[in-house]
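Participant: Sequence:
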Amino acid sequence: MTSDKISSDKITSQNPWWILPTLYFAQGLPYILINSVSVIMYKNMGIGNAQIAFWTGLLNLPWVIKMLWGPIVDIYSTKRNWVLYTEIAMMFCLGAAAFSLQLPNFFFISLLIFTIGAFISATSDIATDGFYMLALTPEQQAFYAGIRSVFFRMAVIFGTGGLVILAGQLEENLNNVPLSWSITLIIGAVIFGIIFVYHRFILPFPESDAPNQKTEERDKIPFVTIVSSYFKQAKIPAILAFILLYRFGEAMLVKLSNPFLLDPASEGGLGLTTKQVGLVYGTFGVISLIVGGIIGGAIISKFGLKKTIFPLALALNLPDLFYVYMAYNQPPIELVYPLVSLEQFGYGLGFTAFMVYLMHVSKGEYKTSHYAISTGIMALGMMVPGMVSGFLQQSLSYPLFFVVVCFLTIPGMATIFFLPLPEEE
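Residue numbers for the sequence shown follow my numbering, so the first one is 4 and each next one is one higher.
Check the hints yourself; a few may be wrong.
Below are the PhoX-like pairs computed for lysine-lysine, each with C-alpha atoms no more than 25 Å apart in a straight line [as the list claims (entries may be wrong)]:
1) K310 - K366
2) K309 - K238
3) K366 - K278
4) K235 - K305
5) K366 - K238
6) K238 - K370
7) K370 - K309
8) K235 - K370
9) K235 - K366
10) K366 - K309
11) K305 - K366
12) K309 - K46
Because the hints were derived from the structure by calculation, they are not lab data.
Quick caveat, the model's predicted, so the values are computed rather than measured.
Let the hints inform the model, and build the full structure from the sequences given.
Facilitator: Right, here's the structure in full:
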């Protein structure tokens, strides 16, 4: 069958509202399950903060090194196929993780399965973001930058909110923590099966979604050429410093925020239940984050990235002071709700600016690979501080730990003044 015949038989474009919600929900769910929900799960199953932070922080590694196989996604098969393959693989991975929690050495086995899931999810990220850039026009990409983050965050709500609340309720009803979390992960697996079936029929076949080279030419393309083209950009040291440091403080806060909410007051925490954490952080907090993401996208669209990136960075980092206040004063839950919500709202504003900039520096023929490099470097900036955060918290206590977090936000904001921004080109 010729390419012309294929084009005539298959839908080459689709209304973004039909595909973006499920694409970015499917991108966000495994990420949040592996990196955040697992923290709550392991905490409730008796694992210590230092071990949790280190090993779940290490799970970020696939997102760091995904640039190494980003060119494979560019060169072999289509982005559409990669999306489908990774979704069905994630379904089986979550099912295996659910089973592993019933085993005596659950921590090691589940971590191994989550590691495999992290590689699958990182590959899915490459394919999904590449498909987004092929299926939408540049104008649509700018408009939907904040919108796609909304649906990613909807997955966060579902994961850290809905699934955590469900797990907490099951813990109370069944009085069996491992079984409660096994059921929760099985539900996640079923959802991926449903998304796979939906995408199998609804995703379009963009005309530009094809391997970048003919079969006989593939071996002639050295990966180093693709990667080096990214690192030859103007002001690349400033770009790399920005990507690495922009979320450095946040990386520590995010990894220990849920343990802080769960730990009893005698250990410096707020003593919330699993259900309360799912509500305060995973529901109200993420809703605020989504609103911030939408508003952030609108602000950037109206005023441009150059004028807004620093104010939005301030909105991301200043609310970290709320955690300093909560750690020192241990306020009632009625005050925790608005404080966490405001912090997450600011995060939504600042994170949208960050992602728009990553798309800006992902250029050229292999922009899918370039975007994978950017997000991989971003993941490194999240992984390293996340891994050491547990040890730091245990050494300093929660109040001083959050003070350190606030100071660590400063270097990332300072790099903004050295960046090449869109209006400079």
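Participant: Does the structure keep K238 and K370 at a Cα separation of 25 Å or less?
Facilitator: holds, 18 Å
Participant: Can you confirm whether the C-alpha distance between K309 and K46 stays at or below 25 Å?
Facilitator: Cα-Cα ~41 Å, so violated.
Participant: For the pair we were handed, K366 and K309, check the Cα-Cα distance against 25 Å.
Facilitator: Within the cut-off at roughly 18 Å; holds.
Participant: Can the restraint linking K235 and K305 be considered satisfied, given a maximum Cα separation of 25 Å?
Facilitator: violated, 30 Å
Participant: Run the distance test for K366 versus K238: straight-line Cα separation, threshold 25 Å.
Facilitator: holds, 15 Å
Participant: Check whether the Cα positions of K366 and K278 lie no farther apart than 25 Å.
Facilitator: violated, 44 Å
Participant: Taken at face value, is the distance from the CA of K366 to the CA of K305 at most 25 Å?
Facilitator: Holds: K305 and K366 sit about 23 Å apart, inside 25 Å.
Participant: Between the alpha carbons of K309 and K238, is the straight-line distance 25 Å or under?
Facilitator: Answer holds: K309 to K238 is near 15 Å, not above 25 Å.
Participant: With a cut-off of 25 Å on the C-alpha distance, tell me whether K370 and K309 pass.
Facilitator: Answer holds: K370 to K309 is near 22 Å, not above 25 Å.
Participant: With the threshold set at 25 Å, check whether the alpha-carbon distance from K310 to K366 stays at or below it.
Facilitator: This hinted pair holds, its Cα atoms lying about 22 Å apart.
Participant: Checking one constraint from the list: CA of K235 to CA of K366, max 25 Å. Satisfied?
Facilitator: The hint holds at about 11 Å.
Participant: K235 and K370: Cα distance at most 25 Å?
Facilitator: holds, 14 Å
Hint violations for this structure: numbers 3, 4 and 12, all remaining hints satisfied.
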